[in-house]
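Produce the entire structure from the sequences given, and follow the hints as far as they go.
Chain by chain, the residues run as shown.
There are 4 protein chains.
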Amino acid sequence: MITSSEYRKRLSKLRRNVYMDGQRIDRDDPRMEGGVNIIAKTYDMPTDPELKDYEDVLTAKSHLTGKKISRFCHIHQSIADLLTKQKMTRITCHQVGGCIARCMGIDSTNANSVVTYEADQKYGTEYNKRFLNWLRDFQDNDRSACCAQTDVKGNRPWRPHEQLDPDLYVHKVETLSDGIVIRGAKVHNSNAPIVEWIPVIPTRRMTEDERDWAISVVVPADTEGVKLIVSATRFNTHKNLGTPGPYGTVDSMTIFDNVFVPWEHVFLNGEYEFGGRLALLFALYHRHSYTGCKPAMTDVLMGAAALMAECNGIEGKPHVGDRLTDMICTSELCYGTGIAAAINGERAASGTYIPDVSYCNVSRKYAGQNIYHEFDILADIAGGMPATLPLEGDWENPETRPYIEKYMARNPDVSVENQHRAFRWVQDISCTEFAGVMQIAGVHGGGSPRMEQIAILGAYDMEKTKNIAKRLAGIPVDEKYSFGRLGATPKL
Amino acid sequence: MITSSEYRKRLSKLRRNVYMDGQRIDRDDPRMEGGVNIIAKTYDMPTDPELKDYEDVLTAKSHLTGKKISRFCHIHQSIADLLTKQKMTRITCHQVGGCIARCMGIDSTNANSVVTYEADQKYGTEYNKRFLNWLRDFQDNDRSACCAQTDVKGNRPWRPHEQLDPDLYVHKVETLSDGIVIRGAKVHNSNAPIVEWIPVIPTRRMTEDERDWAISVVVPADTEGVKLIVSATRFNTHKNLGTPGPYGTVDSMTIFDNVFVPWEHVFLNGEYEFGGRLALLFALYHRHSYTGCKPAMTDVLMGAAALMAECNGIEGKPHVGDRLTDMICTSELCYGTGIAAAINGERAASGTYIPDVSYCNVSRKYAGQNIYHEFDILADIAGGMPATLPLEGDWENPETRPYIEKYMARNPDVSVENQHRAFRWVQDISCTEFAGVMQIAGVHGGGSPRMEQIAILGAYDMEKTKNIAKRLAGIPVDEKYSFGRLGATPKL
Amino acid sequence: MITSSEYRKRLSKLRRNVYMDGQRIDRDDPRMEGGVNIIAKTYDMPTDPELKDYEDVLTAKSHLTGKKISRFCHIHQSIADLLTKQKMTRITCHQVGGCIARCMGIDSTNANSVVTYEADQKYGTEYNKRFLNWLRDFQDNDRSACCAQTDVKGNRPWRPHEQLDPDLYVHKVETLSDGIVIRGAKVHNSNAPIVEWIPVIPTRRMTEDERDWAISVVVPADTEGVKLIVSATRFNTHKNLGTPGPYGTVDSMTIFDNVFVPWEHVFLNGEYEFGGRLALLFALYHRHSYTGCKPAMTDVLMGAAALMAECNGIEGKPHVGDRLTDMICTSELCYGTGIAAAINGERAASGTYIPDVSYCNVSRKYAGQNIYHEFDILADIAGGMPATLPLEGDWENPETRPYIEKYMARNPDVSVENQHRAFRWVQDISCTEFAGVMQIAGVHGGGSPRMEQIAILGAYDMEKTKNIAKRLAGIPVDEKYSFGRLGATPKL
Amino acid sequence: MITSSEYRKRLSKLRRNVYMDGQRIDRDDPRMEGGVNIIAKTYDMPTDPELKDYEDVLTAKSHLTGKKISRFCHIHQSIADLLTKQKMTRITCHQVGGCIARCMGIDSTNANSVVTYEADQKYGTEYNKRFLNWLRDFQDNDRSACCAQTDVKGNRPWRPHEQLDPDLYVHKVETLSDGIVIRGAKVHNSNAPIVEWIPVIPTRRMTEDERDWAISVVVPADTEGVKLIVSATRFNTHKNLGTPGPYGTVDSMTIFDNVFVPWEHVFLNGEYEFGGRLALLFALYHRHSYTGCKPAMTDVLMGAAALMAECNGIEGKPHVGDRLTDMICTSELCYGTGIAAAINGERAASGTYIPDVSYCNVSRKYAGQNIYHEFDILADIAGGMPATLPLEGDWENPETRPYIEKYMARNPDVSVENQHRAFRWVQDISCTEFAGVMQIAGVHGGGSPRMEQIAILGAYDMEKTKNIAKRLAGIPVDEKYSFGRLGATPKL
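Respectively, the protein sequence lines represent chains H, V, R and Z.
Residue numbering for the first sequence follows the working numbering, starting at 13 and increasing by one per position.
Residue numbering for the second sequence follows the working numbering, starting at 13 and increasing by one per position.
Residue numbering for the third sequence follows the working numbering, starting at 13 and increasing by one per position.
Residue numbering for the fourth sequence follows the working numbering, starting at 13 and increasing by one per position.
These aren't lab readings, by the way, just hints derived from the structure by calculation.
There may be inaccurate statements among the hints.
Just so you know, same-sequence chains aren't split out, so a pair can sit in one copy or run between any two.
No farther apart than 27 Å at their CA atoms in a straight line, the calculated lysine-lysine pairs in the DSS-like style are these [stated by the list, open to error]: (1) K64 with K21; (2) K329 with K79; (3) K329 with K476; (4) K476 with K239; (5) K141 with K80; (6) K239 with K80.
Listed below in structure tokens is the structure:
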């Protein structure tokens, strides 16, 4: 496993193919610093004394090599691995107060581990062998990856092959002797500018007419033809108040302008039914990640709300208790159902464990429906100050600071400086570009509530439920009673 | 294990101490038939060919005798037992379309198994020995029990010892050489008139001043001094439409008018701290039951809604999909979090397993908040017909039946007779006394959402969550990062 | 204006064409008593000393004759009339604790007043003259009417002329020299068995192919060929506790088995565009009635909740205040928006005033979305007692009454007898067939939330709203700024 | 009436007492430009040809001089004035896509007009005369004002006179022969740095011990001792995309460091009961303003959502219709209830009209509860693009623009440039500091939902509602039926 400085060094060596606000920029551009710091933090956590108790959560034993590796590079070998990954996600998000960024890599990697194997079984291909070769390096060298899934999609009601421009979904444009050439663009592509590898997978089920869109590849982030147009946010930007970070987000519109991919990095190539399988499987793993990160986000907002209540001197007031309970319910329903998803996980043919579809999706959907509500609760308890707090320069200015100190005083048990820190941080997370991005990511990241609805209805056997009703109504039912939604027979 | 006819025979032999609407009645009074049929059904399920696949769920091996017993008499010996009890609850509720009634017995029995042991450890008493003696007969003879917990409570803001009348909470009024005498009344006492045993436990934490209220006893349902004033409902009351049941509910105001309890049936006698422990522990087991029965109730209402959509010819319409998804999320969040409660269960000193407090309570609270909403969804999809359907007599009457047949025709793929059955049954469950009782039980049964809120806040370590926020805000925190809400380290 | 005894006398003289539970019944059958008592009450209210202050609200001056008439027979001549009708609806519903029943008549009558005039203007017909002749008798003799609108509709996705049986929507089957013959059935037909006149109008917009379905007639309730198959509820059925009523609901499946309608009672006959106009206009008037009756229903449930809080000794507790505020907001948003609907009402060509479409529909939709929630609040504050209260016979029985008196005692400032009355009545309105019917009527009566959604979107000029956005986004807009949803220029 | 250039000129002449981020700044500092542009816009609107149809809405006839004045300087003389002010607020907010800023002035001015008169009536003071003198100049010279109401409040559970520092609520510290001296600070003080006058009023009811806090004054914005520490936001900051504005918000912590106020500007001086009256009355007027501006904000967000649906090619999809209907209901329930507030307004002794307390508060509370939900809807329909849109520089950069143009293409009926404008603007209003400020202002501006709850419960006669229930339950009631919440007898 490497340290954050090695990670930063690797980033600095990549070809300059990143663009922001009209310029080509370096990967250590201060505007991307928030995202870089988060991934860097993941490299330092396994040896962080603060997190010593969680070392087993943060690392795993490679099933390929038996070596101790970062859990962010691990293929889930058991239900315990699924549970532990959920825990790791929650813990690590707590440290940075937001998305931990490296889940994209672990989720796409696990999905590829399953689907390459299944495709090989059906077609006698060698995708899984290629994948495992790549994975060995990935684990041994503790590499970082994202996942380029969401296509730009053009006009929403049309399918990939119906668009006016076929490039609106990333697809293969040419097959060469030594590999393939792909073209298109992925959006909302979190962290692509700050990782080493970009796995590229389909965004939806594909039809037989869409074989060229049913591809899975991995691409070095600075490969010829890849261009990353960045949007980024940063919070915790205090100057002199001693806050960690700064942390933030980095997304890109990732352009694949006739990018060549050698065969060794091609993990699917036209097997359209497995294209859809891969799209859904990555989404599934990623929604299981949400059963860890979303409760963590709720924890952060709940901690913020509780801190605001303390500063305002209203801890213990009934309406504060009501709202905090509301937040506890959100985090624990989401996390608890994520545990059920892990417990009911199943072993794929490849040996990789897959969490339960229904539990992952109801948990993610519930989280997505609550994110704005949680910001509402925080605003309710905080009051208006996060929206109108004087800027940090005024806190530093000797002409204005005495006024701010005098008039910010609230609960006498909390120093005014700590109250100031608290309100400034809550401003950071609720009245900034970052806040808007977290809100929208809370709704759409890993699939919007509507996508989860489709998955939930698709996975549900409504006839069995209807049969419960029919029997009670005296309507003849042809089959014996059975019910699928009871959960696994426990092996405990 | 016994059959339903043996159960009915036992009931018929009990002393006549049941009152309803101004008269003393027999226990086979038709107005209580709905409840009796449900408990009878639990006796027939283990040998029901329809449920053959679920035999292991419905039965267990006694840890006392090694014999095969009804799981409704079992003390949970493992996490697997907790998971299986949750399953059993869901399955059995499906069969009767509502509360399965015998959960009261299993939940009070498990709670007594834990608390008698703990009290003995502290005080050197012999409550657990007495309890196990009683339990042996209970298991061997497959007996039925309820749980008399909720006191009438008088003026709500006052504690037991502050009430104008000390009897407003059941308490010991005399200690004799061979036992104690108790007085008071329990309300909302489900099933007391149709079971053999009435366990009596405290309704809340008790203070040192309230030792006389801190008692746990078991009382035969027809003991001298016990009087049961009944309210009951029945649904599925079709005359000639071939429906199962009728099923329904039976509750009583259970009067203890100077009831003598011999020592062998006294399981707690003034150890006030264990009085509170027992109250909360029964509630906890019972809320875990709700993680099974409440999803079952949602399944019934969802099945009803899907059946209505079929009859109305609107299956597959987007707004129907929206609402059914909503119901799936309710059942699966509730059930999934119940799984997490079991997985994170802990072994008490007595060897009995106890589910996790937080997960049980957030699940139960969520269920309670959704019950009226589910009836709303059913009404939305069914339309107005369940409220205005002509009575069954008009369906039988040759003068009116042709009109009803002609004008009830909807989806041509469903026979008018089955449509009629479907609408009549939905009327049974949504426009009757039973519906109101199910709604109120959905809110308050096993503890109202407010009770769960108290449990949730009480069990939650908010300082740890606040510390997450403080670290991010740059406010010094004295202790190393840790977080309690991550779930058990899996033993899988 | 007549008295209730005259109303009852008229009912008793009608031909016996009412059926219930397998038998032909009299109109004074005790099972319909609840509904009859409500309409009877409307006849006594104008002279009720209790309501003396509201006499001007309850009566009006006929625009035909200048005589003082019941407002339930009045055609709205001004915005003040619309406002006063809304008030009357709320006041009168308070008296009976539910639907006041006669709104159906006033709403269908006003709709006919507008549409007959408009049809005449276009086609030179004499519908309005016929209507006014009929209206003169209706007002002079203070007659009662319902409105038969909702067809049975067969398979929902099919239009009237696409159904397998054309009778699934009421239609004209023959034209004779002296009138027409109609066939079909209306459902959820509130109060048809307890009024003198049944106006029959279309249930939806009609196409050119559906001229035979586009009819408006009035039919005496006991005309040859009309058969009324009844469902009914009753609440407030205390025996000796001195409650008003009993009140309740009466609905019927109303069969028109080749009913002859003379020309003088035919108000529309195939002018299909006016069929849709009439359907929507009745719905609109009726939704404006809901802006009065739904707040009244909330008032009743809120009064019940406040009474329960008083009995339980928890008045003034914060969570009680939260929930009561919630109910106040429901009633006042609904009623306030109904005021806006009246204020923005417009004068039709006939001189009749019509309330604003958008405000009526958003108000009704909001009410419909909240009805189950209100029952939830009532259950929350009342606790479980309404579900398990011993029956009235046990209250009367000297053997059980002392127990009930002793153990029902709660807030010492309220007599136990009054507590008993309060809980029994709350049981009446929350755990009975009536409760289910009120809930479903709350959702679907006057049009389900989905119907309101269609009306709301249909009436809304979304382009104007989109133009606000386009201007702010810098997207060129061709027309000058204007905005339709500002309300009438006040004439105050 | 003046033009925007005169307004800007006046601002430029004020003493430099504004501080931001560590520096003393000019009032035309670009960071405050967003707010200045909004107030400037209000000066140009009455002569804007685009708004010609609304001239009567934007202007009024002074009751003092009979001259045509800006309605932002007008004292409401009728119910029509209340209705028109609500309209003006909605229209003008549409123009700038947010808060119109000058409502603070009109609301504080109307409140002072009422309370000065009432105090004079009781105490024989001459506050109203002073006020009218000041008002004449205010109207004649079309001046701008804010309202400094919200004190910093220190520890929330303590009253003003209980705080450790008496300055935590603004109060009088000295009485001189020619006036008084005040000290303290107001927060969330919208627009104080960009107006000419700062009215200062109490933030809550005052007790007899708090006479020194019960003051009302007006202070020139640049008076000696006033210091304004600013926070500000700006949106619509496109460089080359032809958008209006930029618009934004300006708030300050407004310091009163021993500020001298001459008698002519003192409108209340220790009459503590009128201090509370003034606090509530300003809040009431301001909440009535919210019944105009909050629907406008919903219109903006709804227009944005509809525009996003157009760009995404999903207009007319059922789930889009569901969500837009939701937004229409929010805006129209809020606005409709605001109409009811105006219609039920009452004339104060001074001749000023006051809107109804209950309707204003339920409307404002409903708006406040929905603001985050509306952003949620916008995010749902827009998708993730507003969170990750490449920056404007990349749109300008010839190296990246072709990619963005190619890959942003969605609905072919909308030009890519207009799609780009639309998404960029939605980013401006949902993923910026401005968005967070709008959200928090939506909750707390003009009083948080909890403040409205207090007002709603305080104004509500719950006994009358409880009496409705008691009568129905058969519980004797001493007084005749009456009900207060029926609305005014219409004078139409």
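Now the hints, each set against the structure:
no.	hint	in the structure
1	K64 with K21	within (26 Å within a copy, 63 Å between copies)
2	K329 with K79	neither (52 Å within a copy, 52 Å between copies)
3	K329 with K476	between (46 Å within a copy, 19 Å between copies)
4	K476 with K239	neither (50 Å within a copy, 40 Å between copies)
5	K141 with K80	within (22 Å within a copy, 51 Å between copies)
6	K239 with K80	neither (34 Å within a copy, 61 Å between copies)
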